[in-house]
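S.K.: Sequence:
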Amino acid sequence: MSATAPHSMRPSRSRSRHMNARLTSSPFAAMVDEQLNEFRVATAAYRGPEIFEEEMRNIFYKTWIYLCHESEIAEPGDFKSTQVGTRPVIVTRGREGAVHAFLNACAHRGATLCREEKGNTRSFVCPYHGWSFRTSGELLGIPDEARYPAGFDKSDKNLKPLPRIASYGGLIFGSFNPEVEDLEVFLGGARRHIDIWLKRAAGSCYRLATSHKYGFNGNWKFQAENVHDGYHPGFVHKSAFNTVRKFDGSFENRELRASVRQQGYTRGYPEGHGTLEAGAPLESGGIDPEVRQAYHDQLAALYGAEEAAEILTNRQFLIFPNLVIFDFNIRVVQPIAHDRTEVYSYPVMIEGAHDQINANRMLDAQTRVGTAGILSVDDIDVFAGNQNALKAEGFEWITLSRGLDKEEVRPGGERVGVYSDETPQRAFWRMWRSKMTPAC
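In terms of the working numbering, the numbers along the sequence shown are unbroken and rise by one, the last being 524.
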């Protein structure tokens, strides 16, 4: 990788000023200030219910949002309750086998229709007045229907569907925007990383285990930014790493190693997605050497030795705005309010894999980034502290300038930096600005 991007591909100071001047018609565009030698974000973007509501309207209700994994609704009648922004949604596998998604609100009086997180059912029955609906969303029955007028129109009393549903690699997305671009266009350069992640299943498929949930008193964007932040591990998680070393003298965490030695890469894409790659093979503690070698050999047989090495590289990435994919875990960052966030974490199992491999995946998910894991608790403590500090009068900007003048800009708009650069965070905020700014 070139250490410095070609000068012709860096925006000039005059171009940056012109771009910012053109966007100042929107107060949200002015919150992201990109200059030649500094990239900064207004602290106001993290606080205030008004901005949060605009994010729901302009981002979460207008682009593709991850709904669930196909393994969660594998059988006809399976359903999952989730949210798109702050709107409650039910995702189902209809009796005919098709995937559906609609608002979790009864067409009668708007009561929450499904109060269970997941399950299997032949129909949904409203707990308020007993109206019932098929798993495909059509109205099925109204109690004491004769009391309604003879000309009462039932044709528009179905559940309100999401206009667009699509999937990629078993990941099911939905959108309230009927004019949203095709999903593959939205995913852009991040498709390559999803493809690599899928190949780690070694020709099999993934199954999501039961989720665990944690929350923090902070803005949702703190978690989104942190996913691909290679700068913080040696500082935020220092005590966790030191504790592990007391029990394992050979321990050297890959995130810490990469952060200190600048191994690995960060990547940012025009669509707002970003990745963090440690540049080192996945460590597989707890797996017998022969089991680990058999798994590596299987990958090499399927994809060749060179590609197998890339597949085994530690990688975690964000699909804008709120889907996080780790090697062994999926997270959904759920905004609740401008200063409250919930995170749903799903361990990812490989169907048919050796028991040790899946047990190790579950252990990693629980001990590293789980609710009681050694890393997540550090992060959410920082997020809550950030939210409190950003309330301070006179503290107007944060900076995301690390590696700004050194990242490589590739054809198609992909930007590449070293492991500790803030390249993916800048990609996130460029897309945030674009979504929050009306077309000029």
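Among the clues, some could well be false.
[To be verified] Across the chosen pairs, the derived CB separations fall in these ranges: (1) His316 with Gly132: 38 to 44 Å; (2) Ala476 with Gly225: 53 to 59 Å; (3) Arg276 with Lys202: 40 to 46 Å; (4) Ser295 with Asn261: 25 to 31 Å; (5) Gly388 with Ala468: 43 to 49 Å; (6) Ala421 with Gly253: 38 to 44 Å.
Hints were generated in silico from the structure; no laboratory data involved. Just so you know, even glycine gets a beta-carbon here, dropped at the ideal spot from N, CA and C.
S.K.: Decide, hint by hint, whether the structure agrees.
M.R.: Hint by hint, here is what the structure shows:
no. : hint                           : in the structure
1   : His316 with Gly132: 38 to 44 Å : violated, 25 Å
2   : Ala476 with Gly225: 53 to 59 Å : holds, 57 Å
3   : Arg276 with Lys202: 40 to 46 Å : violated, 31 Å
4   : Ser295 with Asn261: 25 to 31 Å : holds, 27 Å
5   : Gly388 with Ala468: 43 to 49 Å : holds, 46 Å
6   : Ala421 with Gly253: 38 to 44 Å : violated, 32 Å
Of the numbered hints listed earlier, those contradicted by the structure are 1, 3, 6.
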